[in-house]
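Participant: Model the full assembly from the supplied sequences, consistent with the hints where possible.
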Amino acid sequence: MNKVLLIIQREYVTRVRKKAFIIMIFVVPGLIIGMSAVIGMVAKNSQELQDQQIVDIIDESHNFETKLTDGKNIKFKPSAQTLAQEKASLKDNENLSVLYIPADYLEKNNIQIFSKKKPSMMLTSEIENQMNTIAATKSMIEHNIDPALLKTINSNKVTISAKEVTDAGTKDANVGASMGVGIACAIIIYMSLFIYGAQVMRGVIEEKTSRIIEVIISSVKPFQLMLGKIIGVGLVGLTQFGAWIVLSIVATKIAGHTLSGPGTGMVGFLSTIATIPFGYILGCFLFYFITGYLLYSALFAAVGSAVDSETETQQFMFPITLPLLFTYLLSVSVLFQAPDSTLAVWLSIIPFTAPIAMMVRIPFGGVPDWQLGLSMALMVAGFLFTTYVAARIYRVGVLMYGKKASFKELSKWFFYKE
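In full-length UniProt numbering, the protein residues as written are 1 to 418.
You can trust all of the hints, since none of them are fake.
Straight-line alpha carbon distances no greater than 27 Å define the calculated BS3-like cross-link-like pairs of lysine-lysine that follow:
#	residue 1	residue 2
1	87	117
2	77	108
3	87	72
Please keep in mind that the hints were generated in silico from the structure rather than gathered at the bench.
Facilitator: Next comes the structure, spelled out in structure tokens:
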């Protein structure tokens with residue numbers, strides 16, 4: 001046991017003392033806040049960043065040319081020129097577009113817009129929306145329907161406020177915040193398993209190719225070395241995550257008060273998601289991060305022991321990472337829409353997919369205790385099983401040189417006797 005602790009200490013200390021580790025602790029939260037601020041400013045001022053577009057209108061139906069209204073970045077101008085003349089003028093002006101509306105504009109694809117470069121989605125959407133409104137108003141007038149009255153009726157829109165009934169009473173469901181937290185947890189778990197699992201694999205490959213592993217194996221058993229390396233790198237990951245969480249919260253609060261003032265912007269967002277049980281979510285996150293990391297890093301260590309360079313890892317990496325990739329893609333596209341579906345339940349119970357799938361479900365609440373308990377029990381059993389399998393491959397593979405391993409070869413290594 002003392003030897004394992006020494007290996008853990010060595011793996012942990014050598015990594016946290018690196019300048020890159022210390023720099024990244026402070027850089028990542030700053031990048032997160034900076035990117036959030038930039039995205040917010042760009043979204044707020046997106047129209048101001050676009051050049052004004054002049055749209056010359058050739059309207060053979062004469063239903064739209066005087067009714068299209070200018071916007072902040074769009075100026076409509078009826079044209080008396082022919083379509084050929086207008087097309088010729090496009091060569092000298094990138095901010096000019098020509099809108100051609102034939103008399104039979106209701107026929108599909110008859111309305112066309114011409115420009116020197118591809119028109120933006122904003123421009124085409126704005127023109128379509130205005131033309132649809134004008135055409136609908138014209139049709140209502142022809143059928144003796146008062147457009148003003150209909151507009152008044154349509155303004156009475158129904159809104160639904162989602163509430164959650166609990167033993168403590170009724171509270172806001174905060175579906176949007178739950179969705180954001182769930183997807184964020186899935187992304188973090190997905191990235192961390194890859195990042196820190198790959199660190200274990202690289203460490204094994206480096207020690208193997210430098211032949212230092214032969215000296216180390218003379219003092220400790222291969223299983224002890226693998227276990228110490230996995231736990232040491234895992235503690236580095238927990239340290240980094242803990243520092244990122246603390247610094248991100250502090251930086252977000254400071255940025256929220258500085259840029260937006262209390263109760264608005266980032267602070268308002270924090271107050272919204274504060275109603276979510278973060279203690280419960282954080283505890284589950286730590287459990288699934290640790291067990292998921294132990295499960296996958298053992299497999300990564302086995303892969304590292306079976307090859308002589310990173311270029312040879314691809315044939316083994318894809319089958320290992322496929323469940324993670326599959327669940328991640330489903331999480332950001334399907335699972336958050338139906339967190340209690342049969343697919344979501346099974347993915348949150350199977351050990352190879354549970355770290356991501358369960359962290360999507362938990363922020364929404366309503367995960368039955370038996371499902372959570374079964375998932376956690378299977379995660380523990382899963383990482384014990386993968387650690388056992390990986391250790392039997394590792395003990396042989398770590399001393400193999402110059403031979404390309406295959407899945408058939410790995411199976412032989414597993415059954416080798418001590």
